[in-house]
Amino acid sequence: HCGGAVPDIDFHRMIRDFRQQCPPAQPAEPLRSSDGGGIVVCVRKRPIQPHEMAQRELDCITACNPFAIVHERKFRVDGITKCLESHQFEFDRVFDEEATTDDVYSAVAEPLVPWALERGGHVTVFAYGQTGSGKTHTMTGLQRLLAEQVFSHARRGDPMEVSLSFFEIYGGRPYDLLNGRQRLDTL
Numbered sequence: 001h002c003g004g005a006v007p008d009i010d011f012h013r014m015i016r017d018f019r020q021q022c023p024p025a026q027p028a029e030p031l032r033s034s035d036g037g038g039i040v041v042c043v044r045k046r047p048i049q050p051h052e053m054a055q056r057e058l059d060c061i062t063a064c065n066p067f068a069i070v071h072e073r074k075f076r077v078d079g080i081t082k083c084l085e086s087h088q089f090e091f092d093r094v095f096d097e098e099a100t101t102d103d104v105y106s107a108v109a110e111p112l113v114p115w116a117l118e119r120g121g122h123v124t125v126f127a128y129g130q131t132g133s134g135k136t137h138t139m140t141g142l143q144r145l146l147a148e149q150v151f152s153h154a155r156r157g158d159p160m161e162v163s164l165s166f167f168e169i170y171g172g173r174p175y176d177l178l179n180g181r182q183r184l185d186t187l
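For the sequence shown, position 29 matches number 29 in the UniProt record's numbering, and the numbering has no gaps at all.
There may be inaccurate statements among the hints.
As the list claims (entries may be wrong) - Using 20 Å as the maximum straight-line C-alpha spacing, the simulated EDC-like pairs for lysine to aspartate or glutamate come out as follows:
no.	residue 1	residue 2
1	Lys74	Glu57
2	Lys82	Asp10
3	Lys74	Asp17
4	Lys135	Glu118
5	Lys82	Asp17
What the hints assert, rightly or not - Computed spacing ranges between beta-carbons, pair by pair:
no.	residue 1	residue 2	range
6	Arg119	Glu57	43 to 49 Å
7	Gln182	Ile48	46 to 52 Å
8	Gly141	Val70	36 to 42 Å
9	Arg19	Leu184	40 to 46 Å
10	Gln55	Gly180	15 to 21 Å
11	Asp185	Arg19	43 to 49 Å
Think of the hints as simulated: they come from the structure by calculation, not from any bench.
It should be emphasised that the depicted structure is a prediction, and the values quoted were computed from it without experimental measurement.
Positions of the beta carbon are idealized from the N, C-alpha and C atoms, including for glycine.
Please build the complete structure, drawing on both the sequences and the hints.
In structure tokens:
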């Protein structure tokens, strides 16, 4: 979300018009089969927050899967005529602000769980972003859904061993989230 100069209805209108050209969001299909291969990069746009609305900040990010588009306010050379410059970034999946944590889980993590449990594979899911971007909100929900799926699988009676690690890297230092945020030593 873009702060900056006093909000301008013309820029809001330009962004609204741009968004109307995007196809409607489709249900999130799983990103890959259960083979567990490769790296997948996804973006989840968080909704604009009430304090941002109160400050009349401009919602300058458009999620138009598979693109995240950043809109930049510009003026033409005359210094008067307003225009919008849009920068498009492509990812494996882009979730808009309406997407739920269940939507993200179903498309991103859920397909990997059977592969990890039945074939002994290793899976890593991590969130990256600035403070306040929604990492904790998303990861807490994904952890809950992951635990539900793992324990549901365990109830089938098949013997299994599961090892989990939850840690946070903050300020370049890793912390163990399953042990009171104890700082971890690194090699």
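Exercise. May I ask which of the numbered hints given earlier this structure violates, with the numbers listed in increasing order?
Key: Numbers 4, 7, 8 and 10 - these are the hints that the structure violates, sorted from lowest upward.
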